[in-house]
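Enquirer: Each chain is listed here by its residues.
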Amino acid sequence: MSLITRIPNRLKELWEHKVFRYALILHIFYFTLSIVLFFFLYKEKNDFIIFYNVGDIFLNDIENLYNQTNYLWDFRYFPLSALFFIPYSVFNFETAFIIFNVFNIILNILICIILYKIILLVRNKDHENDDKRVILYVCVYLMGLPHVLNYIYGQINLYITLFILISLYIFLKYEEIKWELIGSVILGIGILIKPTAIFLIPFLIILRFDFQNKQVKFDFSITMVRLLGVILPVLLNFILFVIFPPLWEGFLDTNFTGTNPIALNFSFSITKLITNFCYFYNIPFNQLYILFGVVCIIGGLGFILFIFRRFEKDSIIYSFAFGITIMLLVYYDSWDHHLLNLTPILIIMIFNLPRHSEITNSIKPSLFFFSFFDLVLVGIWYLIYPLFPFNFGSTIFLLVSLYGIIKYCYKKKRNYFMEE
Amino acid sequence: MVLLNIVIKRKETILWRNRKLKYRQYLISFLIFSLLFSGIVLNVNAINYKIGVNENDEFIWKCKVCNTPEMSVIFGLGWNNNSGIFQNLNKGTRMKWEINTVEVNETANKIEFSIWFWTQNESWGVNDIDSQMIYLKNPKAYTAELNISTDNSFVPFLFPIPVGEYMGNLNLSVWYDVDSRVLPTLNVEISKDGIRTGYPSKEIEIIAIYNDKGILSSYKLYTKGHVVIVDIALDFLPFYVIPTLIILFTVLSLGIIVYIIKKYKSISLSKPK
Chain X
1 MSLITRIPNR LKELWEHKVF RYALILHIFY FTLSIVLFFF LYKEKNDFII FYNVGDIFLN
61 DIENLYNQTN YLWDFRYFPL SALFFIPYSV FNFETAFIIF NVFNIILNIL ICIILYKIIL
121 LVRNKDHEND DKRVILYVCV YLMGLPHVLN YIYGQINLYI TLFILISLYI FLKYEEIKWE
181 LIGSVILGIG ILIKPTAIFL IPFLIILRFD FQNKQVKFDF SITMVRLLGV ILPVLLNFIL
241 FVIFPPLWEG FLDTNFTGTN PIALNFSFSI TKLITNFCYF YNIPFNQLYI LFGVVCIIGG
301 LGFILFIFRR FEKDSIIYSF AFGITIMLLV YYDSWDHHLL NLTPILIIMI FNLPRHSEIT
361 NSIKPSLFFF SFFDLVLVGI WYLIYPLFPF NFGSTIFLLV SLYGIIKYCY KKKRNYFMEE
Chain G
1 MVLLNIVIKR KETILWRNRK LKYRQYLISF LIFSLLFSGI VLNVNAINYK IGVNENDEFI
61 WKCKVCNTPE MSVIFGLGWN NNSGIFQNLN KGTRMKWEIN TVEVNETANK IEFSIWFWTQ
121 NESWGVNDID SQMIYLKNPK AYTAELNIST DNSFVPFLFP IPVGEYMGNL NLSVWYDVDS
181 RVLPTLNVEI SKDGIRTGYP SKEIEIIAIY NDKGILSSYK LYTKGHVVIV DIALDFLPFY
241 VIPTLIILFT VLSLGIIVYI IKKYKSISLS KPK
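So the sequences go chain by chain: X and G.
Under my numbering, the first residue of the first sequence is numbered 1, with each subsequent residue one higher.
Under my numbering, the first residue of the second sequence is numbered 1, with each subsequent residue one higher.
To be clear, the hints were calculated from the coordinates, so they are not data collected in a lab.
Heads up, the beta-carbon is just placed ideally off N, CA and C, and yes, glycines get one too.
Among these hints, one or two may not hold up.
Unchecked claim - In silico lysine-lysine, BS3-like type, Cα no more than 30 Å apart, as pairs:
id : chain 1 : residue 1 : chain 2 : residue 2
1  : G       : K50       : X       : K411
2  : G       : K263      : X       : K407
3  : X       : K132      : X       : K214
Stated by the list, open to error - A short, non-exhaustive set of chain X residues, derived as facing chain G with CB atoms under 10 Å:
id : residue
4  : K132
5  : L264
6  : L377
7  : Y385
8  : C409
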């Protein structure tokens, strides 16, 4: 059957599922709402303004790419990420926003397809054979409230999610070394667009303590290929940094030492909760030291614990889960829409874990909280920030997820099917 | 006859296909056209900047922290003796503004107000001075680069609304960085000797947050390492803050209690009798 006939048939099949109908209608509502809100409220207060300007500045005045007077808010990503936004600068701003969000919908469709394919690839054998539950969870992703903010702000998280999922699919599906390189390069492109996935890099290292033989196992060649692949697209930026030295200064200042990292906001990362605390109670602080401390404690601990995992099969899923959860816990700005990078990974984990695993009990509540309740707490933050400027709900659920992942890594008695 | 029927049917089919194709072309053209021009049509709705305060409104700011010796080192002795906004500033003092008139014309907004400078007194008495502020309605109309340094605070106590958009469209000098992603915030960084030799004598940083009425709600002046030298806050708490906080913590506590009870029950059920 050709692809053209398969798509309508598959859509007809999916339409039979009530949850799919709801998810689709709800998602179209999110999209429409974002367009309406954009024109009436957020046209001048929108992340897309920055992306829209960046494309133009990259072409015409690259040395001033990090000159923040050019933007309403700071542009803080790698310089080459601007390439992705050049096509939008051809249109007027409003049209570009609509086209950008239509493209976001297409990205979401692709994400759902690849998520579905990954789940079928790694699903534990004691799960149901039909795909009803898979469709349900893919719909949970599609119905997630973080999509609303992602569309309204004109954010680029869906690019990252897609690149993360494609690379994960490649790592899981193929074992040849060339595919390891391709998967890593794709992940590197994701990091190039937005460095949020940078904490995934250490978890690509294939290093494990073998409890049975009491020895450390390290796959040097694959690790090197992966690291080379992931760093290659990022390294291309350094060509620009060398040619235009002000870019390097601007990049460092905007991301690590400027005033932006200390502004009071509803980020749920531990680093931000600490800086908010210091800001609120007038405690002297250095945001870089706080970031460094939290990275060492959460990131370092996570990495060490991951080395001592008791399994290897499908461990790349848990690598990605570790990397993204740690990133959300440690970087200054972890906002509601960034959760769109994590929720698909949590869904994959739910299907990879045994059907009635107790670990799922800590993953599932987190998934539902991130999908439907985090945005509510963001709203509450606006009401209470003069007295209590801490948005800690998602922090707790991120820690719960991290605890679940760590617990799974140390589980001695593994499910029969997993061992097989 | 049969052949004729077939020929007619074929012709009808071709016509129908052509029509369908035309309709498709029309539809696609319409979609592209509307997409391209929707922006132009909707772009007409430009922001109308207003003044968020009304006549007879009163605002009181409270000074929570004031490191007077450090301020003297940074700005020189007498920094709080001149007629600037920090006149008599000390920890625990309060300052009051009362809006007298708000005038709006096509190009500018003018606010006239009375100021009671920083004092420990509970009763305000007669105001210290009358002052005024004029803001151009279009922030982009300020062609020269702006430094808001006339009264030592380096940021104004009042802005037109929507604040974030107004600040974002101002042509501010390199000292300033607007961040209105979450709360309308004006960040100021002035290096040592940034204004003139010995002034300020140390690098300073200011974080000024405004509320939805355009009033300065929090002002913090730091030196290196985020050591707070001055902390001023609007002495006003919206009515919903405390009830929301109480509800939030009640729900949170109940959630934790229910979770503990459930966990306890499941453990006691799983124990062999």
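Enquirer: Please check whether C409(X) passes as an interface residue: C-beta within 10 Å of a C-beta belonging to chain G.
Expert: At about 23 Å, which exceeds the 10 Å cut-off, the nearest Cβ of chain G leaves the hint on C409(X) violated.
Enquirer: Identify whether the interface hint at L264(X) stands, where standing means a beta carbon of chain G within less than 10 Å of its own.
Expert: holds, 6 Å
Enquirer: The hint names K132(X) as touching chain G; please verify it with the least Cβ-Cβ distance against 10 Å.
Expert: violated, 28 Å
Enquirer: Hold the hint about Y385(X) up to the distance rule: shortest CB distance to chain G must be less than 10 Å.
Expert: It holds, given that the least Cβ distance between Y385(X) and chain G is near 7 Å, below 10 Å.
Enquirer: Would the hint linking K50(G) and K411(X) be met if the CA-CA limit is 30 Å?
Expert: violated, 62 Å
Enquirer: Is it true that the CA of K263(G) sits at most 30 Å from the CA of K407(X)?
Expert: Answer holds: K263(G) to K407(X) is near 18 Å, not above 30 Å.
Enquirer: Given the hinted pair K132(X) and K214(X), is their alpha-carbon gap at most 30 Å?
Expert: violated, 42 Å
Enquirer: Holds or violated: is there a CB of chain G closer than 10 Å to the CB of L377(X)?
Expert: Because about 9 Å separates L377(X) from the closest Cβ in chain G, which is inside the 10 Å limit, the hint holds.
In summary, the structure is inconsistent with hints 1, 3, 4, 8 from the numbered list given earlier, while agreeing with the others.
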